[in-house]
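Novice: What follows is each chain in one-letter form.
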Amino acid sequence: MILSPELECMNRKDLRVLQFARLKNLIEKIYANVPFYKEKFDALGLKPSDIRCLEDIKKLPFTTKDDLRQTYPYGLLAVPQSEIVEIHMSSGTTGLPVVNAYTQADMDQWTEGMGRTLSGAGATRNDTVQNAYGYGLFTGGMGVHYGTQRIGATVIPISSGNTEKQLMLMRDFHSTLFTCTPSYALYMAEKAESMGINVHDLPVRAGCFGAEPWSENMRKEIEKAWNIKAYDIYGLTEITGPGVAFECEAQDGMHFNEDLWYPEIIDPETGEPLPDGEKGELVITTILKEGTPLIRYRTRDITYIMKEACSCGRTTRKIHRLFGRTDDLLILRGVNVFPSQIEHALIEIQGVQPNYLIVVDRSEKTHLDDVELHVEVSIDQFSDETRGMEALRSKIEAVMKSKLGISVKVKLVEPMSIERSIGKAKRVIDKRNLYNKD
Amino acid sequence: MGIQQISIFLENTAGRIADVTGVLKDAGINLRAIMIADTADFGILRVIADDSEKALAVLKEHKFTTRTTDVLAVHISDAVGSLHEVLTIFDKHEINIEYIYASLEKTGQSAVIIFKIEDCKKAKEVLCDIGFDCIDSF
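Here the protein sequences come in this chain order: D and Y.
Going letter by letter, the first sequence gives residues -14 to 423 in the numbering used here.
Going letter by letter, the second sequence gives residues 6 to 143 in the numbering used here.
Excised from the complex, chain D in its bound form:
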């Protein structure tokens, strides 16, 4: 079902008029209230009045994740702090977190986006939504929570983990829809088997999965294991959290909530906009955002905007399931990790430029990401005793756990044993095959 047909099924021409009005208003506000953006505009000799049509958006400067870090914590605030009602930030990033500050109106948009997302998966007020995304600073848990309230469904705010209890509540409270990372959905199904619960006997009929990359094959596996429909959802903390784009019953691309967030696809090398149907980097402008609005935010996610109209009746354009990223971000068990974070931690321990290799695989048994870090032992660190070497390994593991927030298995390897490459070093072997598809 469609939550807000007046907006989601709007005539495209009217939608563009609405988008432009919102964009125009946003630009004027940030030029007046956010020094960071005023400086960017001034450097380009750009005035808000230079933006005369929606296409002029390409004249505007980009915003990058780095910009967000440099303006931490409140540098991008466009309203007095008293207007802010909630704050979220991204997990496990290098140094400073990336912050999103919401006014009440921003919360309403997020709630609307997530309400539409759950509706896209067929949820109504009669449903019970078991929300197994983590609650807290992470946007996943709270985002889904607000969305269920928007549609009036019953929410079970169980948060992530505690699989046995998940299954127990699912059975006892007749959860009809659940939300978590796709890998956790598969893990739960197997755990159920070992507990003697047949998940096909549970009333669950759909799930909304995201927060980590997954493939079309994985969708098929989840759907088969649970006998449910598995829907892909898209969002990011910087923009709002989950709820930016979602799949409808067609399960063919994610409807972008264009009246709330304006999408563009650009060539990541040149920054030039690309037409619909062409693959490139997704760039988003938060046209309605009040707290920490972003102009042309570079998501680093690779996709394309689909040209075809959808059979569901929504007129909002769809983005294709993600193809990958333009940077080397690794999403490990739902946590964002850049290889450079691992490198910095190793430099702290080893005191020299480390040689390392990150090997990521998805366990066939648990469907969770297994991370193995190969570290070349430096001569200085080589101890004649196994005890000393084991201590070194434990130390690296402990530091990784505290810096990255995930468990990493460390393997000490001989110097020069990790393959050297000319130019950019190959630091990651990802065997998960996340973006394989179609």
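A hint or two may mislead.
[Unchecked claim] To be clear about the criterion: a stretch of chain Y counts as covered by chain D if any three or more of its residues have a C-beta under 8 Å from a C-beta of chain D, and this derived list gives those stretches:
| # | region |
| --- | --- |
| 1 | 11 to 25 |
| 2 | 41 to 55 |
| 3 | 59 to 72 |
In case anyone wonders, no lab produced these hints; they're calculated from the structure.
Ideal Cβ placement from N, Cα and C applies to all residues, glycine included.
Following the hints, position chain Y against chain D.
Specialist: Frame of chain D; chain Y shown alone:
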């Protein structure tokens, strides 16, 4: 002071020990003692060579991760209880042993036992005072 032992860090992969012995063989180096300490992922190969300096040089040349350690080599008669006697002496003097292994001796009358001890000098003095034969080279 003691005997120089060479430790080599090795990954647990097939043929890796043979890589070491190959390098030593090509350099004409004879081994006097050898032992390996292993874990699931890696091993530490400890050797005593007839020409320690040369062995070290060729191993480094072949990019092996090496470290030298002083160890104590003691002649012990090939008889029941003789090792126990030495260990009892160490115990009495509160000398901690990190590891022990035997060397390759041909005489048949005695064995040379290698001790890795934190305070190698003290252990040597203690044994020599009692009349043990601590050797300085093979």
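Novice: Just pull the numbers of the violated hints for me, sorted ascending.
Specialist: none
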